[in-house]
Each structure stands twice: as structure tokens, then as C-alpha cells.
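Engineer: Each chain, letter by letter, is given below.
There are 2 protein chains.
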Amino acid sequence: MIRRLCIIGVGLIGGSLARALRAAGEVEEIVGASRDAAHLQKAVDLGVIDRYETDLSAAVAGADMVFVSVPLGAMRTVFEAIKGSLDTGAVVTDAGSAKGSVVEDVQSVFASVPAWFVPGHPIAGTEESGVEASVAELYRGRRVILTPLPETRVEATLRVRSMWEATGAVVREMDVKHHDEILAATSHLPHLLAFTLVESLARMSEKREIFEYAAGGFRDFTRIASSDPVMWRDICLANRDAVLDLLHHFGKDLDVLASAIRNRDEKSILQLFQDAKAARDMFAG
Amino acid sequence: MIRRLCIIGVGLIGGSLARALRAAGEVEEIVGASRDAAHLQKAVDLGVIDRYETDLSAAVAGADMVFVSVPLGAMRTVFEAIKGSLDTGAVVTDAGSAKGSVVEDVQSVFASVPAWFVPGHPIAGTEESGVEASVAELYRGRRVILTPLPETRVEATLRVRSMWEATGAVVREMDVKHHDEILAATSHLPHLLAFTLVESLARMSEKREIFEYAAGGFRDFTRIASSDPVMWRDICLANRDAVLDLLHHFGKDLDVLASAIRNRDEKSILQLFQDAKAARDMFAG
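Residue numbers (our numbering), protein chains in the order written: chain A, 1 to 285; chain B, 1 to 285.
Hints in this document: simulated from the structure, not taken from any laboratory.
These numbers come from a predicted model, not from an experiment.
For glycine and all other residues, C-beta sits at the position ideal for the given N, C-alpha and C.
There could be a bad hint or two in this list.
[What the hints assert, rightly or not] Straight-line alpha carbon distances no greater than 16 angstroms define the calculated EDC-like cross-link-like pairs of lysine to aspartate or glutamate that follow:
| id | chain 1 | residue 1 | chain 2 | residue 2 |
| --- | --- | --- | --- | --- |
| 1 | A | 83 | A | 55 |
| 2 | A | 252 | B | 255 |
| 3 | B | 252 | A | 253 |
| 4 | A | 252 | B | 253 |
| 5 | B | 277 | A | 220 |
| 6 | A | 83 | A | 64 |
| 7 | B | 252 | A | 255 |
| 8 | A | 277 | B | 128 |
[Said to hold, decoys possible] Pairwise CB distance ranges, derived in the manner of DEER restraints:
| id | chain 1 | residue 1 | chain 2 | residue 2 | range |
| --- | --- | --- | --- | --- | --- |
| 9 | A | 47 | B | 25 | 50 to 58 angstroms |
| 10 | B | 128 | A | 51 | 48 to 56 angstroms |
| 11 | A | 175 | B | 268 | 25 to 33 angstroms |
| 12 | B | 219 | A | 173 | 18 to 26 angstroms |
| 13 | A | 89 | B | 274 | 40 to 48 angstroms |
Sequences are here, hints too, so could you generate the full structure?
Structural biologist: Rendered as C-alpha cells:
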């Protein structure tokens, strides 16, 4: 049971956590925090949070759990703002889509990784955003990855794990680097491909006539290109090494396919498509 | 009104056309044809076709409309099989996802492009296939592109147009090359990206652990990688030039993004993502 949860950044992710914990009866009071009072008031009106603070150090005072769900580029500023105001015994966790950069930010602000910080990542975003889109069921059956460090207190990890389990999520632990590689592959690279494809096609066709002939497959394929540009810029930069590595490998794989098509190598093309279909049908099964 | 429609290749596309025309009361008799009697019997059992022939020349005899919906790699064989058996006054159209290669096939079999042939392409596939997946509503509101040639009789194009309009589709006419370029961009390239991505990831992770952490966006993005491998191999080869051209340009665009990430060029990355989101939100509006 959380006595007072402070959510810094009350959007889809923070708002859905609030709703889920409230629905589960696992939290007494929820304080929202950000710089945007109008936005926070909307979250109060929607019943997502109980009250809000626009001063982050006031917001975290007295909280036993602090959840930071802001774009990766804003993490460091948040840690600077809450430094010195956290209660003894408070646990801090986050929702950043890359973990290496958040750990670096925490480390640089607090000189070392504090025992009360548990890096986390709920894998449950959609291309929607904002507290208006938040729902209590967002995390049900979804994966939440925690990447505790050697410095992290076991009890802190357990408290964060139990918070997520109360939302219906399935919690996994892994190390920071493995997380960042997996997410680069299954989330960051696909987003970059979708953004790049849509932008290329938009440039090809001034009048957008081209999109008139896009069928359902294209609509699904490019849905993630409607995601928040600032959030994704931050992710690219925060997970730069893993993303660049995957872009490089993907580019090479695409070259292999182009060569096979150029050489009319029917067998290799078919093999690639069959392997892809088998893998896709298995995981989506 | 079609007196006798012969559908060569009774899968999702052919089966859905049959169902739609039947529902609209626009056809008297539907004859299915392919080499697979068991499959055709299933189409009879499902009420999609009235009867079938496994001999293509027998199948087209007496038909006033012939619809060829087989993989692009099988088109030429079909035209060879029906040559000499078509009724005077019969109109032939097809459903190939690339039009240049079909026109070449017809030309090489009939020495020139016959006045009764109307190249066509209903843009309405899904990653499903087979007559079991066919539905009368598949074409409602969807685009069907016809690419009549200078040799094509106007009356033949009008009859094919009117057949498609009876299914609820919106018919557009354009030239062969323009069709093939548009489809390479909005359909062929996205499929190649999805196939390549899934196959790359499957190779990266022997145990497929990586897919456990794929969220909804990834599922949508890769849905088209479940499409029929043979059909897509044929499309790559049939629309080879346009596909290679787009793969080349897309590779360059991806290099530009990689450079921006490497140089931490926040402004360019954000601009690209914002442009993509704006274009995507507009066409998917």
C-alpha cells in the first residue's frame, strides 16, 4: 500500500498508473506535479490525481513513492529539482524508454546511484498521449521491466515491483544494457522506420495523392509515426548507441534483400519472407 | 449485369469479388477455376462460386467476364492456358499488385495488348488469405485502380469499372507506370521493411525472447510480415525497378537520420518526426 504517490508528469503513462492503483485500492493519496498548472487541474478534474504542485520539491515532500514519467530529455532537470526534498524512506522510479541515460542522469545529479532509485519501464505506450487518454487497464498483462543496479536496495525494488503488479502488469528484471538493446530492436527501430517512411513519402508527393492509395496494412504499419515527436527525439538521443547499432544492421539487411531482388534470387527472397512470417505468426500467435 | 463470371484463383480477392457481386445481384453465374479441385469444392461449399473447372480453357468458355487473381508469377501461365478459348466479347481483367509485369505477360502471350484486356488492382488486401477469409464487404469504400492502355477498348474499361463499382469500390484510372510507383511506395516498400525487420530480430534472438517485450505498436507495425511469402516474392520481382528505386531512396533517408542521431542534431531529428506525424495524422485523419 502506497501512502502518498507523487507522479511527476501526468500524461498517458503517469495518469494510467494513478487510475490503476486507485482502482486496485493500493494508494491513499496521489499528488501530481509538473510545470503546467492548467494541465494538472485537468488531471484533478478527471479524478486521476487528488491535488497538484507546480513546485517539484514541494510535490515530493512527504511522498513514500515518486514516479517520474517525463520525456527522457527532462529527467535530469527533474532529479535536480527533487534533490534534497525527498523523504527518508521514499522510493523513486521512472518510466523512461531507455534506461542507460536515466541512470547516468541520476548518477550525475546524486554523485552516485542512490539505493532508493529503481529504474523502470512499463512497455505499454500507444501513439496516443496525454492524461485524457489514460485508462486503469493500460498495464494489464503488459510487461514492466525493472533494471535495478548493484547499488539499489532490494526492498526498494520489491516495493516498485509490487506497485506494478497491482496494476496487472507482469514484472521482469534485467540489466540496463540488455533492456536498452531489446527496446532499440522492438520499439525504437520500428518507430524510426515508420517516421522515416512517412516523411519520405510525404516529400515524394506534394499533394499527398500517394496516401490515397494506402490500404489497411499501410495504416497499421505507420500508426506509430503518429507518436509524440519530442518524446521520440529524446529516445533516439538517450539510446543513441544501441539505436545506431541497429540502424546499421538493419541497413545491411535491407541491402541484402535489395541485392536478392536485383539478382532475381527467388529462393533467397522467399526464404527471408517465410522466416519472417513464421517468426511473426509465432510471437503474435 | 454479368451473365457468367469466371474467377481464376478463388482466394481472398477473387472470393470477395464473387460475394460482393452476388450480394449486389450483379452476376448470374460464377465459375471458379484453378488447379486445386479440393480448394474449389470448398468455395462451392461456402456458396462463393456456383461451380468449378480445373481446366482453364473450359472455365473461360462462355464467360463474358474473366477475373484473374493469381500470384503475379502465375499470370503468364494463365494467359497461355486461356488463349484461344475466350468468347468473342469477353472482357478479361486481373488483380495483380503490379501492372507493368502483367501487361508484359499479356503482350508476350497475345503478341500485342488485346483490346479486351483491362489491367486492374483492387487495393484491399489484408495479411489474411484464402477463400475462407473472403467477405462481400472487402471492397466497400476501397480504391480499385484500372490502368487501361491505348489499345484497350473503352467499352471494356467501362464494364470492368461498373463491376467494381457494384462492390462499393471507388474506381480510379491511371497509367501503368504511375500505378507501379505509387504501390511500390505505399505497399511494396512497407512490406519489405516489415519482413526484413522481423527476420532480423528473429535472427538476433534465438529464443525469440526479444518478442516478449514487443508492445502494441510493434504488433501493428509488423502485421504485414504475416502476409503470403510467395505472393510477395512475386511482387518484388514483378515490380523490381520501382521497388529497387524506393529501397535505394529509403536507405539514403535512413542514413540521413542515422547521421543526425550520431551528431546529436536535435533540431533535424525533431523536424523529421514532426513532419512525419503531421503527414500521418492528415492522411489517417
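Engineer: Hints first: check each against the structure and report whether it holds.
Structural biologist: Going through the hints against the structure:
1. A:83 with A:55: holds (13 angstroms)
2. A:252 with B:255: holds (11 angstroms)
3. B:252 with A:253: holds (14 angstroms)
4. A:252 with B:253: Judged against 16 angstroms, a Cα distance of about 14 angstroms means the pair holds.
5. B:277 with A:220: holds (14 angstroms)
6. A:83 with A:64: Satisfied, since the Cα-Cα distance of roughly 15 angstroms is no more than 16 angstroms.
7. B:252 with A:255: holds (11 angstroms)
8. A:277 with B:128: holds (12 angstroms)
9. A:47 with B:25: 50 to 58 angstroms: holds (54 angstroms)
10. B:128 with A:51: 48 to 56 angstroms: holds (50 angstroms)
11. A:175 with B:268: 25 to 33 angstroms: holds (32 angstroms)
12. B:219 with A:173: 18 to 26 angstroms: holds (24 angstroms)
13. A:89 with B:274: 40 to 48 angstroms: holds (42 angstroms)
Violation of the numbered hints given earlier is absent; every hint is satisfied by the structure.
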